[in-house]
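The sequence shown begins at 758 in this note's numbering and counts up by one.
These are computed hints drawn from the structure, not numbers from a lab.
Among the hints, erroneous ones may be present.
[To be verified] Listed next, the in silico PhoX-like pairs over lysine-lysine satisfying Cα-Cα at most 20 Å (straight line):
#	residue 1	residue 2
1	Lys985	Lys1020
2	Lys934	Lys910
3	Lys848	Lys764
4	Lys985	Lys954
5	Lys999	Lys1067
6	Lys759	Lys827
7	Lys1020	Lys767
8	Lys954	Lys974
9	Lys954	Lys827
10	Lys1044	Lys999
11	Lys962	Lys985
12	Lys1061	Lys999
13	Lys1077	Lys1043
14	Lys1043	Lys1061
15	Lys962	Lys974
16	Lys974	Lys1020
17	Lys954	Lys759
18	Lys1061	Lys1077
19	Lys1067	Lys973
20	Lys910	Lys796
21	Lys767	Lys848
22	Lys934	Lys970
23	Lys954	Lys826
24	Lys954	Lys999
25	Lys823	Lys764
26	Lys966	Lys999
27	Lys868	Lys910
28	Lys891	Lys934
29	Lys759	Lys848
30	Lys985	Lys999
31	Lys934	Lys973
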Amino acid sequence: MKEIYFKGSKIFEFNDDNAIQIIGTNNYLIRTVSDIYHKIFNGYRFSDIDIEAMNGYYPEVRENGKVLKKNDIVTIRLSGMEDILEQVMVKRNSILVKYISSLSSDLLISKVMEKIDRTLVELSICIDNLIEEKLSTRDMSIKTDINDINLDKIVNNFMDINFANLNGERIPLWLLKDSQLVDLFINIMELILEGGKTTKVIIDKLDSKMEIKEYKKLVSTLFDLTEKYSNFGIWIIPSTEKGVFVDYRIFDNTYIFNEEIIKLGDFEITYESICRNYPDNNIPGKKEVLRSLLQHFPFHTQEKEYLPTKETIIMFVFLKLLGEEEDVDVKISELSKLEYNFLTSFE
């Protein structure tokens, strides 16, 4: 279990092994938790103003009592298409650069690096000789040195990566379709994961910034990678009901951030409890319960007007199980008498 501390107090405890989903209406708490997690592992330098605003305490991420630090976990945050774009560009700390840099131990790369080193030494000698011819002094001479030749510097300073279509035509990254960028990101991400470094991707309200079809493809594919690679995990933070990852496998690792944090538990136990308390013998199916508790319940507010559907009833049965008695504004439609009476009992 990991814990996040803010202003000297624990504000979130969670299982960070595989994938978690954070949903709810408390946007401030969601943002604070994700910001702390991302900033700490990316080496953000907290200013005096930051610390003063946090009552003099540095924020912390702890695991089994140990305070985690920068680089313990590689953390990538995706909050817009521009973030995905930057990860497949030659930019400092992008996953593309990380992968190319990881090739430095490859035998072929090592041989090429040796050739570069020898060539640069020859260049140094050539420059020395030319300067010696032009610089007339008996007391001093200039000697050039070649220092710290490594693949990282070559990639960042001298290499430009281009992408091409099947016809070999180069295409600027910014002109790629969402689907092409998502495919590139996923493929490079998997290459990075093969290296074994613990890596987390925070999918932060990305559902409102890209085509929902491509968003769902990205989320489901990355989730599948978490099951393939033990060193990989994701945080799914949707901004809308459409962006929620509706899947049985993440139900028990979903956290609802409203006035308080609620962690959804075992799905089978939850389903049985709802069926026992359902106000009609026409009990809901498992998919209806899954959709209701993952998509509707997290975004529930007293001000909303609800359609009289099974998923609305499921949500309010669950609220009742939690001890919540709330008013609900329900539109009239065709329901069984028992179902309708149950909903109107909240009015």
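These are the hints, each one checked on the structure:
1. Lys985 / Lys1020: Measuring from Cα to Cα gives roughly 25 Å; hence the hint is violated.
2. Lys934 / Lys910: Not satisfied, since the Cα-Cα distance of roughly 30 Å exceeds 20 Å.
3. Lys848 / Lys764: violated (34 Å)
4. Lys985 / Lys954: holds (14 Å)
5. Lys999 / Lys1067: Given that 20 Å is the threshold and the Cα spacing comes to 18 Å, the pair holds.
6. Lys759 / Lys827: Holds. Lys759 to Lys827 sits at ~15 Å (cutoff 20 Å).
7. Lys1020 / Lys767: Holds: Lys1020 and Lys767 sit about 16 Å apart, inside 20 Å.
8. Lys954 / Lys974: Status violated; Cα separation ~24 Å.
9. Lys954 / Lys827: holds (13 Å)
10. Lys1044 / Lys999: Holds, at about 15 Å.
11. Lys962 / Lys985: Violated: Lys962 and Lys985 sit about 24 Å apart, past 20 Å.
12. Lys1061 / Lys999: Given that 20 Å is the threshold and the Cα spacing comes to 17 Å, the pair holds.
13. Lys1077 / Lys1043: holds (19 Å)
14. Lys1043 / Lys1061: violated (25 Å)
15. Lys962 / Lys974: holds (15 Å)
16. Lys974 / Lys1020: violated (25 Å)
17. Lys954 / Lys759: Roughly 18 Å separates the two Cα atoms, so the pair holds.
18. Lys1061 / Lys1077: holds (17 Å)
19. Lys1067 / Lys973: violated (25 Å)
20. Lys910 / Lys796: violated (25 Å)
21. Lys767 / Lys848: Violated, at roughly 35 Å.
22. Lys934 / Lys970: Roughly 13 Å between the alpha carbons, so the hint for Lys934 and Lys970 holds.
23. Lys954 / Lys826: Roughly 15 Å between the alpha carbons, so the hint for Lys954 and Lys826 holds.
24. Lys954 / Lys999: violated (32 Å)
25. Lys823 / Lys764: holds (18 Å)
26. Lys966 / Lys999: holds (12 Å)
27. Lys868 / Lys910: Holds, at about 17 Å.
28. Lys891 / Lys934: The hint is violated at about 56 Å.
29. Lys759 / Lys848: Violated - the C-alpha atoms of Lys848 and Lys759 are around 30 Å apart, more than 20 Å.
30. Lys985 / Lys999: Roughly 26 Å between the alpha carbons, so the hint for Lys985 and Lys999 is violated.
31. Lys934 / Lys973: holds (15 Å)
When the structure is compared with the earlier hints, violations turn up for hints 1, 2, 3, 8, 11, 14, 16, 19, 20, 21, 24, 28, 29, 30 and for no others.
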